[in-house]
Amino acid sequence: GAGVSQTPSNKVTEKGKYVELRCDPISGHTALYWYRQSLGQGPEFLIYFQGTGAADDSGLPNDRFFAVRPEGSVSTLKIQRTERGDSAVYLCASSLQGADTQYFGPGTRLTVL
Amino acid sequence: AQSVTQLDSHVSVSEGTPVLLRCNYSSSYSPSLFWYVQHPNKGLQLLLKYTSAATLVKGINGFEAEFKKSETSFHLTKPSAHMSDAAEYFCVVSTLNTGFQKLVFGTGTRLLVSP
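Just so you know, the sequences run in chain order A and B. Everything in the first sequence is counted per the numbering used here, starting at 1 for the first residue and increasing by one. Everything in the second sequence is counted per the numbering used here, starting at 114 for the first residue and increasing by one.
The hints are simulated quantities; they were obtained by calculation from the structure and are not laboratory data. Where hints are given, some of them may not hold.
Said to hold, decoys possible - Cut-off 27 Å, straight-line C-alpha distance, at most; resulting in silico cross-link-like pairs (DSS-like, lysine-lysine):
| no. | chain 1 | residue 1 | chain 2 | residue 2 |
| --- | --- | --- | --- | --- |
| 1 | B | Lys171 | B | Lys155 |
| 2 | A | Lys15 | A | Lys78 |
| 3 | B | Lys215 | B | Lys171 |
| 4 | B | Lys182 | B | Lys171 |
| 5 | B | Lys182 | A | Lys11 |
| 6 | B | Lys155 | A | Lys78 |
| 7 | B | Lys155 | B | Lys182 |
| 8 | A | Lys11 | A | Lys78 |
| 9 | A | Lys78 | B | Lys215 |
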């Protein structure tokens, strides 16, 4: 079956701009996660959704970052006033429930010039 | 708090020789431990996971790992490396005390396989 998909695969933007990154989880998965992977590092947790609600957003670095999942399926990560330090690969994962194995998408590589 | 330390940033082996990727963990609770592999331009793929059942865990593609509580280690091994094993490997710890699997990744080990 289809895995987790993310669009776009690459995004180049200028400092100060607004960007949206999209994640389509595996069908039927109620749990969705966002991670950020900086160059040479392992992924770092950003936010966890159970259904439509953000159950844990403790990993969001500041209030420029926001994520939504309005219908409990597709999620969008939104970054306002982008900074060069936001450049990273943003990974999305989904699982059947919060306690289950997470399946990762291929990521969106964000470059802020 | 949970953390993992991957002791080698790079490991080089020849095809057909054994692979050992080292990982030490720290956790205040009974941990779940995972190894994920990341091939270039591909998503992270789960190799294997330990969740307090058997301490020797077998995964995909001939990999296995042994949970050693006394040493707080969860090293990944494979008897014979294949060229297709060349990738980045992440050791991961999580607990369910937050109500979900909050994954904490190590910094990764790049495995290089030469012919």
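Hint-by-hint comparison with the structure:
For the hint linking B/Lys171 to B/Lys155, the alpha-carbon distance of about 23 Å falls within 27 Å, and the restraint holds. Between the alpha carbons of A/Lys15 and A/Lys78 the distance comes to roughly 14 Å, so the proposed pair stays at or under 27 Å and holds. A distance of roughly 22 Å separates the Cα atoms of B/Lys215 and B/Lys171; the hinted pair therefore holds under the 27 Å criterion. The suggested pairing of B/Lys182 with B/Lys171 holds, with an alpha-carbon distance near 17 Å, which does not exceed 27 Å.
For the given pair, B/Lys182 sits about 43 Å from A/Lys11 by alpha-carbon distance, which is inconsistent with the 27 Å threshold. Restraint check: the Cα-Cα separation between B/Lys155 and A/Lys78 comes to about 23 Å, which is no more than 27 Å; the hinted pair holds. With a C-alpha separation of about 32 Å, the suggested pair B/Lys155 and B/Lys182 falls outside the 27 Å cut-off, and the hint is violated. With a C-alpha separation of about 13 Å, the suggested pairing of A/Lys11 with A/Lys78 holds against the 27 Å cut-off.
Simply put, A/Lys78 and B/Lys215 have alpha-carbon atoms about 21 Å apart, close enough for the 27 Å limit, and the pair holds.
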